[in-house]
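Q: Here the UniProt record's numbering is used: the first residue of the sequence shown is 1, the next is one more, and so on.
Simulated from the structure, these hints should not be mistaken for lab results. A hint or two may mislead.
Stated by the list, open to error - Here are the in silico distance ranges between beta carbons for each label pair:
1. LEU75 / PHE161: 18 to 28 Å
2. VAL73 / THR201: 16 to 26 Å
3. ASP180 / ASP95: 41 to 51 Å
4. GLY215 / ASP143: 29 to 39 Å
5. ARG235 / ASP143: 26 to 36 Å
6. GLU174 / GLU50: 48 to 58 Å
7. GLU278 / GLU34: 26 to 36 Å
8. THR246 / GLU50: 41 to 51 Å
9. GLN53 / ASN284: 33 to 43 Å
10. GLU174 / SER44: 45 to 55 Å
Note that CB positions come from ideal geometry on N, CA and C, so glycine has one too.
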Amino acid sequence: MGTTLVFGGAGQLGQCLARVAREKNFAGLIFLSETEGNILNNESLQALFERHQPSHVINCAAYTAVDKAEDEVELARRINRDGVENLARLCAAHDAVLLQISTDFVFAGTGNQPLTETDATEPLGIYGLTKLEGEQVIPPLTDKYFILRTSWLYSEFANNFVKTMLKLGAEREELRIIWDQVGTPTYAIDLAACLLHLIETQSQEYGLYHYSNEGLTSWYDFATAIFELRGLPTRTVPIRSSEYPTKATRPAYSVMDKSKAKARLGVAIPHWRTSLAECLKRLN
1 MGTTLVFGGA GQLGQCLARV AREKNFAGLI FLSETEGNIL NNESLQALFE RHQPSHVINC
61 AAYTAVDKAE DEVELARRIN RDGVENLARL CAAHDAVLLQ ISTDFVFAGT GNQPLTETDA
121 TEPLGIYGLT KLEGEQVIPP LTDKYFILRT SWLYSEFANN FVKTMLKLGA EREELRIIWD
181 QVGTPTYAID LAACLLHLIE TQSQEYGLYH YSNEGLTSWY DFATAIFELR GLPTRTVPIR
241 SSEYPTKATR PAYSVMDKSK AKARLGVAIP HWRTSLAECL KRLN
């Protein structure tokens with residue numbers, strides 16, 4: 001195996017990749033922070049590619065502030081579309097495989113059946129739109145890519161729903177949580193293991209895939225499970241999305257079908273409750 005450049009290496013998924021790599025004695029990963037590997041700076045990107053001659057590139061860098069994106073459209077587009085285009089072009093020039101992370105927010109979420117890779121996309125906000133644009137710039141530039149759409153990422157690193165609930169649950173007796181948005185929480189450690197599996201196996205099953213943990217839940221039930229597994233007495237009260245208005249509209253149903261990933265990539269995907277229990281154990 002050659003060298004793998006990890007852009008956005010200081011973020012949640014980057015930190016998860018570093019931990020999984022340590023546990024698996026997986027060598028050859030170079031983690032680049034936003035300043036070390038600015039995906040908008042073509043000159044510095046070119047220098048990085050020439051210096052390291054990577055076999056694989058994992059792009060964890062993204063604009064992920066869903067509500068803020070509604071006001072910062074151009075910045076979100078530069079990072080989520082133009083930055084990806086820069087990486088795809090350099091991957092093609094250096095014969096490297098691009099592993100790009102995308103999102104369930106590319107869907108409108110108006111249905112009630114698990115979404116496949118061939119289902120129509122219809123982003124409801126700027127974040128989902130710019131991530132979809134990031135997906136679309138890749139195929140014209142290179143054939144050697146994996147796009148993994150994921151959802152509801154959490155881990156012991158960075159800021160995420162699980163850590164926020166643990167903090168609030170320790171401070172308050174009762175929390176009001178949205179119940180009419182349904183999806184699947186994804187332990188970022190599991191996603192990191194999937195990405196390293198693709199590199200380790202030198203997979204050439206290139207294309208677009210869905211990867212989240214198995215099962216489905218609402219934010220309300222997710223929060224309730226966190227408190228139950230952690231033994232916190234916090235009461236949860238279900239509320240509708242309309243009772244907690246946000247600038248950007250979220251998909252109401254964004255459960256993704258993982259059949260393609262399981263069949264072609266040979267990855268085992270744990271159930272979300274199993275992975276949540278593992279995360280909470282590590283947070284202990």
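Q: All the hints need checking, so say for each whether the structure fits it.
A: Going down the list of hints, with the structure as the test:
1. LEU75 / PHE161: 18 to 28 Å: 24 Å Cβ-Cβ, so the 18 to 28 Å window holds.
2. VAL73 / THR201: 16 to 26 Å: violated (38 Å)
3. ASP180 / ASP95: 41 to 51 Å: holds (47 Å)
4. GLY215 / ASP143: 29 to 39 Å: For GLY215 and ASP143 the Cβ distance comes to about 33 Å; the hint holds.
5. ARG235 / ASP143: 26 to 36 Å: At roughly 52 Å between Cβ atoms, ASP143 and ARG235 fall outside 26 to 36 Å, so the hint is violated.
6. GLU174 / GLU50: 48 to 58 Å: holds (57 Å)
7. GLU278 / GLU34: 26 to 36 Å: holds (29 Å)
8. THR246 / GLU50: 41 to 51 Å: holds (43 Å)
9. GLN53 / ASN284: 33 to 43 Å: holds (42 Å)
10. GLU174 / SER44: 45 to 55 Å: For SER44 against GLU174, whose Cβ atoms are near 49 Å apart, the range 45 to 55 Å holds.
Against the hints set out earlier in the document, violations occur for numbers 2 and 5.
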